[in-house]
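J.: One-letter residues, chain by chain:
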Amino acid sequence: MKKLVALIGLVLLVGATPGMAADKLRLVASFSILGDMVSRIAGDHAEVLTLVGPDGDAHTFEPSPADAKEVASAKVVFVNGLGLDKWIESLAHSAEYQGPVITVSSGIKTRTMMEDNETITDPHAWQDLRNGAIYAANIAAALIAADPPNAADYGKNRDAYVAELAALDDGVRQQFASVPAAKRRVITSHDAFGYFGAAYGIEFLAPEGLSTEAEASAGDLSKLMTQIKSEGIKALFIENITDPRMMTMIANETGVELGGALFSDALSPPDGPAPTYIAMFKNNVPKLLEGMVKN
Amino acid sequence: MLIYDILIAPFADFGFMKRALIACLALSLGSGPIGIFLVLRRMSLMGDAMSHAILPGAAIGFLLAGYSLWAMSVGGLIVGLAVVVLAGLVSRNTILKEDASLAGFYLMSLAAGVLIVSKRGSNVDLLHVLFGTILAVDAASLVLVAAISSLTLVVLAIIYRPLVAECYDPGFLRVAGGRGPVYHIIFLILVVINLVAGFQALGTLMAVGLMMLPAAAARLWSSQVTTLAATASLIGFASGALGLLVSFHFNLPSGPAIVLMAGLAYLFSILFGIKGGMARAYFRKPHFHNGKEL
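In order, the protein sequences belong to chains A and B. Take 2 as the starting number for the first sequence in the numbering used here and just add one per residue. Take 784 as the starting number for the second sequence in the numbering used here and just add one per residue.
In case anyone wonders, no lab produced these hints; they're calculated from the structure. Treat the hints with care, as some may be off.
Cut-off 20 Å, straight-line C-alpha distance, at most; resulting in silico cross-link-like pairs (EDC-like, lysine to aspartate or glutamate) [said to hold, decoys possible]: (1) A:LYS224 with A:ASP170; (2) A:LYS288 with A:ASP272; (3) A:LYS230 with B:ASP796; (4) A:LYS224 with B:ASP788; (5) A:LYS235 with A:GLU291; (6) A:LYS110 with A:ASP45; (7) A:LYS224 with B:ASP796; (8) A:LYS295 with A:GLU232; (9) A:LYS87 with A:ASP192; (10) A:LYS235 with A:GLU258; (11) B:LYS801 with A:GLU254; (12) A:LYS25 with A:GLU71; (13) A:LYS224 with A:ASP272; (14) A:LYS110 with A:GLU97; (15) B:LYS801 with A:ASP272.
Short, incomplete list of chain A residues facing chain B, as computed with Cβ under 10 Å [stated by the list, open to error]: (16) LEU26; (17) ARG27; (18) THR120; (19) ALA161; (20) ALA164; (21) GLY220; (22) ASP221; (23) SER223; (24) MET226; (25) PRO245; (26) THR249.
Glycine included, every Cβ here is placed at the ideal spot set by N, Cα and C.
Isolated chain A, as found in the complex:
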């Protein structure tokens, strides 16, 4: 019994001494791509915690009590909105979080997508770099409001980041412009590139029914394969958050070589090919180009 009491005491002691960062803002971002953007703009003034980490799927995330603890101690919480991270509402409620929840996608022009035969708002707005710039502006505005003394730094970081995104956007446009429009067709495992396709003139054929959540039906699969064969599509990609087995099978059966993993809804771990928002584009764009040229 004494041992048990001692053990409980030890656990409480360890639990009660969190590593306190010296007066840094504590910020929480709902998923990894947003986390990277927030850290870029906050710079050294904040500690950013990401709820859905690298290679995680924000669509189906289930928060744990540890996440509630992080949210409770946060100064500002950043979410994508557009239905991607709806779970933040119940999480903020259960964590009794009183601070601001910033929806970084406010002000973008939304697109719709089909899911389970329903038209919903497509949440993957960050796949258009111009929307990324809007995200950056929203993040900076929220940081300036939360921490006025460092407003100048946040403004400076935002301007530098937005300039970098604009340059990347130009580069991506030029690269895709070199591919004939008829060849710009790509198949991915999950319908996450609606904004990307609209921004850069690429048709993404995501097999409906092969979403991240549902089990595939033989009917959808056969339609997709027939389409791949009849239209001679060679650009076939898997995404980092989905089960690779299905796309591998499709590739084998249609005789198409898989074009490697695209990062859509989550970044890679720091040592991976796409640890930041910008690196994600630098990973995806050349792979897409390589695949399209084969069409």
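Guided by the hints, dock chain B onto chain A, whose structure is given.
T.: Chain B alone, transformed into the frame defined by chain A:
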């Protein structure tokens, strides 16, 4: 031509449909007889419990090697066997009966499995492990499933007599030879390996569907163990083929479609089965008999 388009063309035109069909055939051949013995020994829920028990093993395999066929199978096998053996030991050495000890271990096992998969990956990964993807079955999985069902049939043939004897009179072997527990353990191992085979194709939740539903349905059509086993395999395979066709033509997920087809066969058998079905019970003229039906 129409019938060809509906029934044959899906399998003729698409390799993944062929592989899924062959997977159903192989699974049914092994799982049918196993299911029959589970039904006859009143252990029908045991298959369900075991299918959950193998989850953490598969999860650890997934953790170490991603969606690797061998890692997940071996993991599932090891944990499944461990649960069987532990449950057996507990039931022999404590006051708990086998069902209670098995329930205890399988629940722990299930919770550990969900915990492990969720910790490493997303909920999507968990769903794929739980529900499987028979449409993505590859050649290696087919070889594994076929090998397991072949092994099952051979082993069942070898231990057939003592197994049947134990079905009808569990005390008999204990009195006659004392090797009852050995056959029991061998049988439980067969249950586990068949569930591992099924989980490659249908996921841990649905794998047991092709084992128990065809067996329960077959039970209403015959009282001969060999006929029962063959009927169960046949119903299982037919459910697989029909389920795949339904999934193909109506855009429904294939795993649940297959299991629901087996469910329809079960409902039909309950109503019209000639051995103890409802229609027989209600419509036949009352008469006295002391036939040796099961």
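J.: Can you confirm whether the C-alpha distance between A:LYS110 and A:GLU97 stays at or below 20 Å?
T.: Since the Cα atoms of A:LYS110 and A:GLU97 sit roughly 32 Å apart, the hinted pair is violated (cutoff 20 Å).
J.: Closer than 10 Å between Cβ atoms is the bar; does A:PRO245 clear it against chain B? Give me holds or violated.
T.: With a closest approach of 7 Å, the A:PRO245 hint holds.
J.: Please work out if A:LYS288 and A:ASP272 have their alpha carbons no farther apart than 20 Å.
T.: holds, 19 Å
J.: Is it true that the CA of A:LYS224 sits at most 20 Å from the CA of B:ASP788?
T.: It holds: about 15 Å lies between the C-alpha atoms, which stays within 20 Å.
J.: Can we keep the A:ALA164 interface hint, with Cβ of chain B closer than 10 Å?
T.: violated, 34 Å
J.: With the threshold set at 20 Å, check whether the alpha-carbon distance from A:LYS87 to A:ASP192 stays at or below it.
T.: Holds, at roughly 19 Å.
J.: Hinted pair, alpha-carbon criterion (20 Å max): A:LYS224, A:ASP170. Please report holds or violated.
T.: violated, 34 Å
J.: Using the nearest Cβ pair, does A:ASP221 come within less than 10 Å of chain B?
T.: holds, 6 Å
J.: Verify the interface restraint on A:THR249: the C-beta must sit less than 10 Å from at least one C-beta of chain B.
T.: holds, 8 Å
J.: Return the status of the interface hint for A:ARG27: holds when the least beta-carbon distance to chain B is below 10 Å, violated otherwise.
T.: Cβ of A:ARG27 sits 24 Å from chain B, so the hint is violated.
J.: So if I understand the rule, the pair passes when the alpha-carbon distance is 20 Å or less; does A:LYS235 with A:GLU291 pass?
T.: Given pair A:LYS235, A:GLU291 holds - Cα atoms ~10 Å apart, limit 20 Å.
J.: Need the status of pair B:LYS801, A:ASP272: alpha-carbon distance at most 20 Å?
T.: violated, 40 Å
The structure fails hints 1, 6, 13, 14, 15, 16, 17, 18, 19, 20 (numbered hints given earlier, in ascending order).
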